[in-house]
Amino acid sequence: MVSEYISVLIFILAGIGIVLFTFFLARLIRPSNPYKEKNVNYECAETPIGDSWIKFNNRFYIFALIFVIFDVEAVFLFPWAVAFGKLGLYALVEMILFILILFFGIFYAWQKGALKWV
Amino acid sequence: MIATSVTFWLKDLLGSIGLSGDLLTIATYGILAVAVFSLLSVLALFLVWWERKVAGHIQQRFGPMRNGWHGWYQTLMDGLKLLQKEDILVFTRDRMVFFWAPIMCFVAAFAAYIVMPFGEGLIVADLNIGILYIVAITTFTIISLLMAGWGSNNKYALLGGMRSAAQVVSYEVPMVVSILIVVLSAESLSMVKIVEAQGGWIWNWNIFKIPVVGLVAFITYIIAAVAEANRTPFDLPEAEQELVAGFNIEYSGMKFAMFFLAEFINLFTVSAIAVTLFLGGWQGPGPASISFIWFFLKTFAVIFLLMLFRWTYPRLRVDQLMEFAWKFLIPLTFVNLIIAAVMKHFGWYLGN
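Residue numbers (the working numbering), protein chains in the order written: chain A, 1 to 118; chain B, 1 to 352.
The following block holds chain A by itself, in its conformation from the complex (with noise of 0.2 Å):
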């Protein structure tokens, strides 16, 4: 007997069939016609100057980095939410310790300007 998470897995195939579908839906009944001048990158009606593959700002880099560590801490989080109420005041201090420790690692973020969008 296979567990309820397979409904996970259907469900994910099946999205994917539907949208196949529809897609080979519209495929059936829409026009194609394609040519150089309509297939071009949009700009603003000009011809696109180079591509758009380059080097990125780094801004994003840095807020995902932060992203990263506060979404593990989230996951720290979860399962003690859960077992709360049977760890009793132990969890509660040693968690507000941890998000104290995170704390503190935001406002060094903070201080050092990485939370400035330049």
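If you're looking for bench data, these hints aren't it; they were derived computationally from the structure.
Do not take every clue at face value.
Stated by the list, open to error - Some chain B residues close to chain A (C-beta under 8 Å, calculated; not the full set):
| # | residue |
| --- | --- |
| 1 | TYR29 |
| 2 | LYS85 |
| 3 | GLU86 |
| 4 | LEU89 |
| 5 | PHE91 |
| 6 | VAL107 |
| 7 | ALA165 |
| 8 | VAL173 |
| 9 | VAL177 |
| 10 | ASP319 |
As the list claims (entries may be wrong) - With a straight-line Cα cutoff of 20 Å, these simulated SDA-like cross-link-like pairs (lysine to any residue) come out:
| # | chain 1 | residue 1 | chain 2 | residue 2 |
| --- | --- | --- | --- | --- |
| 11 | A | LYS86 | B | LYS193 |
| 12 | A | LYS36 | B | SER252 |
| 13 | B | LYS53 | B | ASN67 |
| 14 | A | LYS36 | B | GLU86 |
What the hints assert, rightly or not - Here are some of the chain B residues that sit facing chain A, going by a computed Cβ distance under 8 Å:
| # | residue |
| --- | --- |
| 15 | GLY30 |
| 16 | GLN84 |
| 17 | ASP87 |
| 18 | VAL90 |
| 19 | ILE338 |
In this text the structure is predicted, and so the values were computed from the model without any measurement.
Note that beta-carbon positions come from the ideal geometry of N, C-alpha and C, so glycine has one too.
Let chain A serve as the given structure and place chain B on it in line with the hints.
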């Protein structure tokens, strides 16, 4: 109780016509997947029409009026039109990434509905990790937007995709921490158990059950949810006036329709989660067989609120958006979580 769950009912029905074993489970979930898809299509058609009507009346016009009574089948016609549209494919695109981005966007929005409790027993599978699963699977939307932005090989699209990734990632943290307050209160991740813990009177809903903290958590959740669903005032990824259309600029026809559908499914998802977590889910007066009516009423009320946000607030600037998340919302939600934990420990909850 109608039956224990619609899944078990369907399983019995399929079992009585001779299916058994793994095939029975797979057939059950397959049928449910198609049923959920039909429900979501109808909901999305209705929500698009409703949004246009709300927008129209806020701006002192009527919105769609031509097709049927107050234009009720306007979106159906729009969908049929999109089906017939030529698929304009940019020559310089990344073929694989460009093709799979709309599929991934839709699947990420669609798969969240496995654990959505539409009513008492109206749930596909009550996974014991419920809400964590929803948070995990809806995050795949970010990857699909990045894929769309990158795969299009278009500067606007790239900027839109990058911005949306930065935005969704930033608002993910306050959203998860707001959810944690509810998990703390219900001591379970299962969506059904969270709703059942809010039974009884209105002050048993999590928004009132945890005095003040619940209300603050609800507000922070709604703010983060609007940002997650990429709606105004946080619709930087699309920002028509500056980025033209953002990540979906090079998409046309059915591929664009999939992004559009996923956007409205996500709108329903975030509202339904807000209702499930904070507003008592399907709980309401009357027998269990009408519990789904309460769920939909509450969800549509939250959606109406989000629509009012969209058509009354101006768009934020990108630096304001990021600094609001990191310098205000995240510290606030964490302080809120600590207060909630202290209150839980000393038993300062209402309605126990």
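Going through the hints against the structure:
no.: 1; hint: TYR29; result: holds, 4 Å
no.: 2; hint: LYS85; result: holds, 6 Å
no.: 3; hint: GLU86; result: holds, 5 Å
no.: 4; hint: LEU89; result: holds, 6 Å
no.: 5; hint: PHE91; result: holds, 5 Å
no.: 6; hint: VAL107; result: holds, 4 Å
no.: 7; hint: ALA165; result: holds, 7 Å
no.: 8; hint: VAL173; result: holds, 5 Å
no.: 9; hint: VAL177; result: holds, 7 Å
no.: 10; hint: ASP319; result: holds, 4 Å
no.: 11; hint: A:LYS86 <-> B:LYS193; result: holds, 17 Å
no.: 12; hint: A:LYS36 <-> B:SER252; result: holds, 17 Å
no.: 13; hint: B:LYS53 <-> B:ASN67; result: holds, 13 Å
no.: 14; hint: A:LYS36 <-> B:GLU86; result: holds, 15 Å
no.: 15; hint: GLY30; result: holds, 6 Å
no.: 16; hint: GLN84; result: holds, 6 Å
no.: 17; hint: ASP87; result: holds, 6 Å
no.: 18; hint: VAL90; result: holds, 6 Å
no.: 19; hint: ILE338; result: holds, 6 Å
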